[in-house]
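Engineer: So you can see what is in the structure, the chains are spelled out below.
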Amino acid sequence: MNYFPDEVIEHIFDFISSHKDRNSISLVSKSWHKIERCSRKRVFIGNCYAINPERLIERFPSLRSLTLKGKPHFADFNLVPHEWGGFVHPWIVALAKARVGLQELRLKRMVVSDESLELLSRSFASFKSLVLVSCEGFTTDGLASVAANCRHLRELDLQENEIEDHRGQWLNCFPESSTALTSLNFSCLKGETNLAALERLVARSPNLESLKVNRAVPLDALTRLMSCAPQLVDLGVGSYENEPDQESFMKLMAAIKKCTELRSLSGFSEVAPLCLSAFYPICQNLTSLNLSYAAEIQGNHLIRFIQFCKRLQRLWILDSIGDKGLEVGASTCKELQELRVFPSDLHDEEDNDTAVTEIGLVAISAGCPKLHSILYFCKQMTNAALITVAKNCPNFIRFRLCILEPNKPDHTTSQSLDEGFGAIVQACKGLRRLSVSGLLTDKVFLYIGMYAEQLEMLSIAFAGDTDKGMLYVLNGCKKMRKLEIRDSPFGNAALLADVDKYRTMRSLWMSSCEVTLGGCKRLARNAPWLNVEIINENENNDLMERNEEDEREKVDRLYLYRTVVGARKDAPPCVTIL
Amino acid sequence: MLSEEELQSNVSVASSPTSNCISKGGGLKVHNYFGLSDSSSVESSTLSGNVEDDKATISLKATELTLGLPGSQSPARETELDEKPFFPLLPTKDEIFSSSQKNIASGNKRGFSDTMYTEKNWMFPEAVATQSVVNKEVTQNIPKGQLGTLNNSSSPPAAKAQIVGWPPVRSYRKNTLATTCKNSDEVDGKPGSAALFVKVSMDGAPYLRKVDLRSYTNYGELSSALEKMFTTFTLGQCGSNGAAGKDMLSETKLKNLLNGKDYVLTYEDKDGDWMLVGDVPWEMFIDVCKKLKIMKGADAIGLAAAPRAMEKSKMRA
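Order-wise, the sequence lines are chains A and B. For the first sequence, counting from 1, position 257 maps to 1178 in the numbering used here; every step adds exactly one. For the second sequence, counting from 1, position 148 maps to 158 in the numbering used here; every step adds exactly one.
Because the hints were derived from the structure by calculation, they are not lab data. There's no promise every hint is true.
[Claimed, not checked] Think about it this way: if two alpha-carbon atoms lie no more than 30 Å apart in a straight line, the pair counts; the simulated BS3-like pairs of lysine-lysine are:
no., chain 1, residue 1, chain 2, residue 2
1, B, 303, A, 1245
2, A, 1111, B, 220
3, B, 184, A, 1312
4, A, 1245, A, 941
5, A, 1300, B, 280
6, A, 1111, A, 1172
7, B, 184, B, 220
8, B, 209, A, 1300
9, A, 1172, B, 220
10, B, 184, A, 1245
11, A, 1399, A, 941
12, A, 1300, B, 303
13, B, 184, A, 1300
14, A, 1245, B, 220
15, A, 941, A, 951
16, A, 1111, B, 238
Input sequences plus hints: build the corresponding full structure.
Structural biologist: Right under this line is the structure:
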């Protein structure tokens, strides 16, 4: 290969797109490193504090597409203070200053401001795609700048963000000349939507394949939208509190029938039942269905809907579907690859007799041979069921089980669920992500360390007995990248046993565990290439000033991550970086 | 289009083969799993004695576990402290996993379960408990009720106390579902008093709604609201009623409509009995009502006796 001119090698590299593979290539030799980095178009940064934008740009001058992640995963569950960090602004400033030809920006759990969006919209002439997931800090004014200034915008995808809705005219800001849209998702906006502007925009976007509207788009508007966009592949509907009359319903059905390309359906945050049944004609084409916000549809009607969806590959649903519903799914959806069952009764105390149990899980595992990803919230589980599931589905890549009651044992034997999860990790040799729950001892971690060779992400809550549990995982799982632990009795011994292990990991999160300030300090001293962050919302003063006695004080929340740029400068007062 | 999962995992199907070879060829290098062997380790001699103790108790044999496949060795065996190990790694020996393990089946070591589920008879080994539970910190996410209960305070054990961030459901999802609940109630809830949501279902309707009983002051208001929610159903089913139903919101309309089409409004009370709505004073009703159901008249025949019973209790009260 070294006898080829650089251009040829670069051309060969063009065929290699996976981040891991490109990272490997860059390690082969100096010349390959150079060719690779100069030709690299897409960069993924799993932790925005592991590197800074200047170094990124220096290494990858041809950057076109950047993915950045900010807050740790447990921020989703209110365990990270709002002001913790993850600001995208410095990145946009640096990219703009260096005149990088940025075309795509994907952000997850980052803080985005209107100012950032405005700067973004003005700095990158070829900007095409903005995807924001679980971000916050901006308003519809920021969206207006993007709409107005990004002439070549193709994709604006807003997933589950906290956006302050100024009920402005951001949809009006798309210029009349803008006809390139392929994907528009504003389902998370809470305010009113300018329907006329939306309809005009959709009408002049012949390439629009994905459209997800917010609650404020009523039924008749949806009908009109679908009528002028029969090419839609992916549709997110709004919410309809009132029953449609006969005529509206017929129009809706007619519009839906024309959407022969429709493969993915979502939204339905509050849907009149007739609207749901209007979609029956196209159910057989669906490969992806998200009814996980349809809180008020009774199980039997969910079941009826799913019975038509024979080609479904991805299903997100509420537990109101019940075990019966999952049994129906198991017999209907033979192509199912990914299933997520969310809890519906988060506020009430009542006993929900239609919620799902181990029976539904076993049924799905038996009926769906292609299943490889599952997120399952349930009230009870047994070892026998998990062992059966493991036998039925050895192909799991992601297995997340959340038993709603912490520390709940096998409800038939009262034993821990160690053996059940042990069976899962032993059978599923390709398992990359695992979340465990229920009553668990150190033994489950012994199994995980022993068998989960490909495991990259592990989430632990209310589990384990001693430091040994955590040690089994740290020592056994060679590919571990993200470990997050809460409310488990792991302490300094486990934390400090193998400091070098953290070089191979992206991050470690421990909250309400047994680690102490002294342990964290020692870790920070032994590993200067780590940022060891202590998050303590109750303390206002600097932890360093307290006396030696406090070394034994338990740390509320610990978040550590490898970094090449040292301690960050934007940490709020509640965060101490040791 | 980017999904959550896609953002999370940069999928590289071509996994590097080298690491697999190393681990397979490792053979008896079981010490890697524990990190407690002589060669590597833990400069932890200055820390607590835990690790040192482990070297004594854990040996090569501890890794010899046999997997009980369904049929060969039932997983639902009698509860024992020393469970037979499950996974075969080497020719079997029955060495137990660790003698320091206690109460696998029956207990949880942490104070959390003790406070949350005090009605269950779970063991609570003092040794570990005191270490993890009796801490002075208030920075734990576990609510203060935990400490209170331990000190035998008079506060009743919380049936399901709110733990921060549990269950692990995204705030966005929680907020969205909560808003859905509120929106289903057509009347604006009163700001001050706590809402009292009950589910309302109707025979034959494909969905159920939730109403906030506190937002009504009498049966008439409840009737009107329910009628608005469910009218189209009865119209849809019976057809011949035309457009009459939608405009009239009078107090008796629901009863007439429902009764005319052979529906009755019933509720489930705190004892789990189904009663006809309307026989007890409103205040008492909202106190005892757990669920509402619009039943077909035929199904409600068995409830005929109930109103009389309620009437008796009303007269007594």
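Engineer: Could you run down the list of hints and mark each one as holding or not?
Structural biologist: We went through each hint and held it up to the structure:
1. B:303 <-> A:1245: holds (22 Å)
2. A:1111 <-> B:220: Satisfied, since the Cα-Cα distance of roughly 21 Å is no more than 30 Å.
3. B:184 <-> A:1312: violated (34 Å)
4. A:1245 <-> A:941: violated (42 Å)
5. A:1300 <-> B:280: Given pair residue 1300 of chain A, residue 280 of chain B holds - Cα atoms ~23 Å apart, limit 30 Å.
6. A:1111 <-> A:1172: holds (26 Å)
7. B:184 <-> B:220: holds (16 Å)
8. B:209 <-> A:1300: holds (21 Å)
9. A:1172 <-> B:220: Holds, because 29 Å separates the two Cα atoms, which is no more than 30 Å.
10. B:184 <-> A:1245: holds (25 Å)
11. A:1399 <-> A:941: holds (16 Å)
12. A:1300 <-> B:303: holds (26 Å)
13. B:184 <-> A:1300: holds (18 Å)
14. A:1245 <-> B:220: holds (23 Å)
15. A:941 <-> A:951: holds (18 Å)
16. A:1111 <-> B:238: Satisfied, since the Cα-Cα distance of roughly 25 Å is no more than 30 Å.
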